[in-house]
Amino acid sequence: MKKVLLIMTMLLVASVCAYAQDEYPKFELAGTYTFLRQDIQILDNESMNGYGIGAQYNVNKWFGVVGEWTATHGSSGPATFTQAGTVYVIPKVDTRVQTLMFGPRFSYRARSVTVFGHWLVGAGTNKFDDDIGTFNYDSFTKWQVVTAIGGGLDINLGKSVAIRAAQLDWVAMDSDFSELGFDKGFYNNWRYQGGIVLKF
1 MKKVLLIMTM
11 LLVASVCAYA
21 QDEYPKFELA
31 GTYTFLRQDI
41 QILDNESMNG
51 YGIGAQYNVN
61 KWFGVVGEWT
71 ATHGSSGPAT
81 FTQAGTVYVI
91 PKVDTRVQTL
101 MFGPRFSYRA
111 RSVTVFGHWL
121 VGAGTNKFDD
131 DIGTFNYDSF
141 TKWQVVTAIG
151 GGLDINLGKS
161 VAIRAAQLDW
171 VAMDSDFSEL
181 GFDKGFYNNW
191 RYQGGIVLKF
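In terms of the numbering used here, the sequence shown has 106 at position 106, counting the first letter as 1, and numbering is strictly consecutive.
There may be inaccurate statements among the hints.
Stated by the list, open to error - Distance windows between CB atoms, simulated: (1) T86 / L198: 48 to 56 Å; (2) T86 / L168: 35 to 43 Å; (3) K92 / F27: 41 to 49 Å; (4) D94 / G31: 23 to 31 Å.
What the hints contain is simulated information worked out from the structure, not anything from laboratory work. Glycine is no exception: its CB is placed at the ideal position from the N, C-alpha and C atoms.
Sequences and hints are given; from them, build the entire structure.
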């Protein structure tokens, strides 16, 4: 009888442990600080700071679908460029970038950390403002195709909260500035995000 009870107890403990290992959050919400290094050659690139919001639905322990929105801002200058034989000088430029992307995310979940990778696709917009007014040009806000490939690391503080230590993405974005005659095609941008993840 003691052996039977011992075996049943061991099976029960094993099943509980296995269940705990298979547990995963159905939803995850992330709020992040965002740093974007944007490939704007006329400005000798642009370092931009901002924030992001992400929502993730997990189909199972390793596969989920995520949506992310980010907004970043930077300023630089002076800048010069030539269009139709005329040289333009922009003494100060403010740039703003927003992205809205969706896609699959693959996660490896351990007790202390979660490692993930993803491929996101969506739309983004560049806003290009001359605040001083010498060039008097602003608001390139057309939504263009944007994609991000990357991944990151979450440090789990418990079942409900994690620190997003790093999310690094290569972000390819169609240029809103092509109508000015420069920087046509896709920007090869790099993005870092870090913040808090809530799990439900």
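Status of each hint after checking the structure:
1. T86 / L198: 48 to 56 Å: holds, 53 Å
2. T86 / L168: 35 to 43 Å: Between T86 and L168, where Cβ atoms are some 40 Å apart, the hint holds.
3. K92 / F27: 41 to 49 Å: Between K92 and F27, where Cβ atoms are some 43 Å apart, the hint holds.
4. D94 / G31: 23 to 31 Å: holds, 24 Å
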